[in-house]
Amino acid sequence: MTQVKQKGPEVTLTPPEDAGNGLKTQEMVINMGPQHPSTHGVLRMELTLDGEIVTKAVPHIGYLHRCFEKHCEAMNDYTKVIPYVDRMDYVAAMNNELGYAIAMERLMGIQVNDRVEYIRVIMAELQRIASHLLALGTFGLDIGAFTPFLYCFIEREKVLDIFEKASGARLLYNYIWIGGLMNDVPADFKSDTAAFVTSFRPKIKELNDLLSYNKIFVERTANVGVLPEKVAINYGISGPSLRGSGVKWDLRRDDPYSIYDRFEFDVIVGKGEVGTLGDCWDRYIVRVWEMEESLKIIEQALDQMPGEGDVQESVPKKIRPPAGEIYCRTETPRGELGYYIISDKSTTPFRIKARAPSFVNLSVLPAISVGSMVADMVAIIGSIDIVLGEVDR
Amino acid sequence: MKTVEELYRVLSEKFGEEVLEFREEEVVVPWIVVRAEHIRDVAKYLRDEPGLRFDSLMCLSGVHYPKENTLGVTYHLFSTSEKHKLTLKVIMPEDDAHLPTVEQVWKTADWHEREAFDMFGIRFDGHPDHRRILCPDDWEGYPLRKDYEVQEIYRGMKVKY
Chain A
1 MTQVKQKGPE VTLTPPEDAG NGLKTQEMVI NMGPQHPSTH GVLRMELTLD GEIVTKAVPH
61 IGYLHRCFEK HCEAMNDYTK VIPYVDRMDY VAAMNNELGY AIAMERLMGI QVNDRVEYIR
121 VIMAELQRIA SHLLALGTFG LDIGAFTPFL YCFIEREKVL DIFEKASGAR LLYNYIWIGG
181 LMNDVPADFK SDTAAFVTSF RPKIKELNDL LSYNKIFVER TANVGVLPEK VAINYGISGP
241 SLRGSGVKWD LRRDDPYSIY DRFEFDVIVG KGEVGTLGDC WDRYIVRVWE MEESLKIIEQ
301 ALDQMPGEGD VQESVPKKIR PPAGEIYCRT ETPRGELGYY IISDKSTTPF RIKARAPSFV
361 NLSVLPAISV GSMVADMVAI IGSIDIVLGE VDR
Chain B
394 MKTVEELYRV LSEKFGEEVL EFREEEVVVP WIVVRAEHIR DVAKYLRDEP GLRFDSLMCL
454 SGVHYPKENT LGVTYHLFST SEKHKLTLKV IMPEDDAHLP TVEQVWKTAD WHEREAFDMF
514 GIRFDGHPDH RRILCPDDWE GYPLRKDYEV QEIYRGMKVK Y
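These protein sequences, in sequence, are chains A and B. Here the working numbering is used: position 67 in the first sequence is 67, and no number is missing along the way. Numbers given in the working numbering equal positions in the second sequence, counted from 1, plus 393.
Just so you know, not all the hints are guaranteed correct.
[Unchecked claim] BS3-like, lysine-lysine: derived pairs with alpha carbons at most 30 Å apart:
| id | chain 1 | residue 1 | chain 2 | residue 2 |
| --- | --- | --- | --- | --- |
| 1 | A | Lys230 | B | Lys460 |
| 2 | B | Lys476 | A | Lys248 |
| 3 | B | Lys482 | B | Lys395 |
| 4 | B | Lys395 | A | Lys248 |
| 5 | B | Lys460 | A | Lys345 |
| 6 | B | Lys460 | A | Lys80 |
| 7 | A | Lys190 | A | Lys165 |
| 8 | A | Lys271 | A | Lys203 |
| 9 | A | Lys70 | A | Lys56 |
| 10 | B | Lys553 | A | Lys56 |
| 11 | B | Lys551 | A | Lys317 |
| 12 | A | Lys230 | B | Lys478 |
| 13 | A | Lys70 | B | Lys551 |
| 14 | A | Lys318 | B | Lys437 |
| 15 | A | Lys317 | A | Lys345 |
| 16 | B | Lys482 | A | Lys345 |
| 17 | B | Lys482 | B | Lys437 |
| 18 | A | Lys70 | A | Lys230 |
| 19 | B | Lys478 | A | Lys70 |
| 20 | B | Lys482 | A | Lys80 |
| 21 | A | Lys230 | B | Lys553 |
| 22 | B | Lys553 | A | Lys70 |
| 23 | A | Lys70 | B | Lys460 |
| 24 | A | Lys165 | A | Lys215 |
[What the hints assert, rightly or not] What follows is a set of in silico ranges between Cβ atoms, one per label pair, in the way DEER data are often shown:
| id | chain 1 | residue 1 | chain 2 | residue 2 | range |
| --- | --- | --- | --- | --- | --- |
| 25 | B | Lys476 | A | Ala195 | 36 to 44 Å |
| 26 | B | Glu414 | A | Asn183 | 26 to 34 Å |
| 27 | B | Val403 | A | Asn183 | 48 to 56 Å |
| 28 | B | Gly409 | A | Gln312 | 49 to 57 Å |
For the record, the hints were derived by calculation from the structure and aren't laboratory data. C-beta: ideal position from N, C-alpha, C; glycine also.
Just chain B, same shape as in the assembly (with noise of 0.2 Å):
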């Protein structure tokens, strides 16, 4: 069982300060940042590792801040064998979000991820289903974007009412 200082400490070593950042303050958890080009490598190497064992992503979240007009994603880890618990979050531009998939690290990123890119817009590269998953495929915008305004209609239909 290992803290979040200690995972960053055995993270950084590996990949190098540049592309994680470690985030402490004005949160329960601690969380790291990862840049997003990496997350991949890192997500294989969590799980793999001996002693880290990462095994199962329990949730994947998209999120919008648009206060810094950013779009993030959330990876809450959790390893079955040696009980820690990790949160990883990617941050990306708001007109430019696309990230590696970790759908061959952890299938149940398979879902969660379509659904980001249903609700979010952030585009997982390498998905081999990216489609979208609540929301009908023709359906206009990013639901859970905090500026997102509904499309009148739909199919002939009136959306708002």
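In isolation and in its complexed conformation, chain A is listed as follows (with noise of 0.2 Å):
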């Protein structure tokens, strides 16, 4: 006899009492994944199921492990590192690439000049459209809404086709440097940019009546997975997976870097509209509103813009920094990505450590993931968003 937690009321499933004919049910483990369509990678679930609920789940990381922070303490040289950091949350290397610059600036003390400064700016939050459309469509391809996916996959399109003008590549970019950029970016960037602001900023509505408000998707992720908030901050959750449980927290404000404190924008916190508060479907629709929230902050970032300056102005030709350490945390698509930074004053990183958001937000999933259905999990996983390449680094 099993109590079913999320599913709107409390249900007590008792048997019949002749069900079975006397057979006992026994408790089973299964391993879901490490290749399963629905764990976003190669993430291992060890489920132990009593019938069709879970009530333990085991998750198991590491199959992506690539030692980065080993490979970091071999490279003889800070810049090395950028095309590394691209390749933990490969889907928004941009912003990866944006904390470890401005972590590295901080520790050096330079100063980058305001083009840069908006440039960078314009990029973070459109790879943050680019990685939260990503998100959105496959989460609903987890629960079985096809055609969202598709439709989130041409917009995502448009804006890799903008990073690919600027930087040559599409996914993994090397393009913000430490104290600048690679290269300017292409005189109709600014054109270019500003078309896929007016085009798509329609499309979120269509995403809306699409996906959001579909009566199978919300039955399916409304109610599932609740995240309290309390559980939420002790256990280090970040991004919009905090944002859902109704936090009203994002380091773009509250800890601002860069030039976020120039920007008018709200911080999307989930309200329960549909179920509970904290649940999958807040946790998604915080990303949705989260673009248009980009959105703003990519127009105003287009018209404050300055349209002279030397990218790679600060660019220091011998990275050697002082001997020291610091910690410096962003936002990026998923959280709080932090790095930490050793430095002995050679050219050598002495250690540097990834604070990965995905990470930390896996690991709350033995914890809300008790009591739900199977098929819920698929969705609980999808909603936290979760990159294996950051999990295991």
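Combine the two chains into a complex, taking the hints into account.
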């Protein structure tokens, strides 16, 4: 006899007296993954099941472990780390680069010019939109909605085209450097981005019509995987997953870096609109409306961006930071990405640790999945939006 | 909002000078060194005391200092209500690196401590699930130590190529 915790009012499933002709039910342990369409990479969940109900879930990670931190210590130059940070969260590489560049600039006391700052912010927010589109599309795909996935990808391609024009790459850019950028943006960058902003805004409504308020989708995600506020903070959850639980917390506003204090934007939080506060749907809808906020930031940045400025003005020739250490965090699409960098005054990093948001967010999974159905596990994993490259580093 | 100096004064009144050590020189942000056996009490105090309220552990990292033959654990704390930050460090000898877990204080520490154990071989006493996390369970050695040599053969497979 097991209580189903998370579907609406509490129901106790009591089998009839003569059910099973005296046969007993037995707990079963099954593996979900490491290769399963819904685990978004190579994640293995060891599930203990009582019938359809999950009584215990143990995530096993490390299948994509590439020794990022050890590699950094073997580099003889801090700039050579940048392509590696791209490959952590490979669907939001710009944000990873930005975090690393800011950490290094703070450590070395470099001030970059305004043009660099504005281009960086625009790139980071475009990347946030692209990353959220992927997250929302694949989340729908997990639940069984195939069409929104294709609609999301059409828009994501447009963002990637802008990145390709600027950096030459579509996924892993190596574009934001310590003290500047790889190169200036092309002449039509401003008009391309403005055109994208105009064409993308109505698509958010389209996505809402297609997926967000779709009855089947709401049924599958509302009241599922509820993450209460206190639990979220204690586990160190960050990003949309934290804001989905109603916590108004965004590093862009609360611990500002770069030039985010110059822009007007709202911090979107979940409200429990169709179910309980902090359920899968809340985490989903936070991402949807965050894209709108990113558009606002991009519009303001395009207006304020200075037309002149050498983007490599403050790129140091030789990177030799003073002895010391720094912990610097930025808001990526998945949450708080922190870099802990220790320098011993040489050109080789002594230690670089990345505090990856997906790694921390995934750790809450055992706590919120107990009592849910196996099919809901898919929704819960999808709603946390993990990237395994970042979990395993 | 308190500076690190003020926080140090608060902590040293509560726990005494012998438990803590204030380090300022040669760094961007000063930090406080805590004796290994007291880390959990200090952590609990920092989390619960009004006016301090360090409710979030931003990051927990292991560090290997081969010159001094020591291993360290660095805690980056933040208070969402008071908005102050604090860096704590625990330094331990390389051959006997163990300290109390803070998993019961901040759940964030659960996986981070497992990672520090996996990569540096630091033992966290009282951790409920003290296993490797990124490497396989039967992996040998601790990869992020500076003197790490990778094993030749793992389950019949050549590791180095």
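How the hints compare with the structure:
1. Lys230(A) <-> Lys460(B): Status violated; Cα separation ~42 Å.
2. Lys476(B) <-> Lys248(A): holds (14 Å)
3. Lys482(B) <-> Lys395(B): Answer holds: Lys482(B) to Lys395(B) is near 19 Å, not above 30 Å.
4. Lys395(B) <-> Lys248(A): Satisfied, since the Cα-Cα distance of roughly 22 Å is no more than 30 Å.
5. Lys460(B) <-> Lys345(A): Holds: Lys460(B) and Lys345(A) sit about 15 Å apart, inside 30 Å.
6. Lys460(B) <-> Lys80(A): Holds - the C-alpha atoms of Lys80(A) and Lys460(B) are around 25 Å apart, at most 30 Å.
7. Lys190(A) <-> Lys165(A): holds (12 Å)
8. Lys271(A) <-> Lys203(A): holds (23 Å)
9. Lys70(A) <-> Lys56(A): violated (33 Å)
10. Lys553(B) <-> Lys56(A): violated (37 Å)
11. Lys551(B) <-> Lys317(A): Roughly 40 Å between the alpha carbons, so the hint for Lys551(B) and Lys317(A) is violated.
12. Lys230(A) <-> Lys478(B): holds (20 Å)
13. Lys70(A) <-> Lys551(B): Holds. Lys70(A) to Lys551(B) sits at ~20 Å (cutoff 30 Å).
14. Lys318(A) <-> Lys437(B): violated (43 Å)
15. Lys317(A) <-> Lys345(A): holds (16 Å)
16. Lys482(B) <-> Lys345(A): Holds. Lys482(B) to Lys345(A) sits at ~20 Å (cutoff 30 Å).
17. Lys482(B) <-> Lys437(B): holds (15 Å)
18. Lys70(A) <-> Lys230(A): violated (35 Å)
19. Lys478(B) <-> Lys70(A): holds (27 Å)
20. Lys482(B) <-> Lys80(A): Since the Cα atoms of Lys482(B) and Lys80(A) sit roughly 28 Å apart, the hinted pair holds (cutoff 30 Å).
21. Lys230(A) <-> Lys553(B): Measuring from Cα to Cα gives roughly 46 Å; hence the hint is violated.
22. Lys553(B) <-> Lys70(A): Within the cut-off at roughly 15 Å; holds.
23. Lys70(A) <-> Lys460(B): Cα-Cα ~18 Å, so holds.
24. Lys165(A) <-> Lys215(A): violated (40 Å)
25. Lys476(B) <-> Ala195(A): 36 to 44 Å: Holds, since Lys476(B) and Ala195(A) (Cβ atoms, about 40 Å apart) stay within the stated range.
26. Glu414(B) <-> Asn183(A): 26 to 34 Å: The hinted range 26 to 34 Å is violated for Glu414(B) and Asn183(A), with Cβ atoms some 47 Å apart.
27. Val403(B) <-> Asn183(A): 48 to 56 Å: holds (50 Å)
28. Gly409(B) <-> Gln312(A): 49 to 57 Å: holds (52 Å)
In summary, the numbered hints that this structure violates are 1, 9, 10, 11, 14, 18, 21, 24 and 26.
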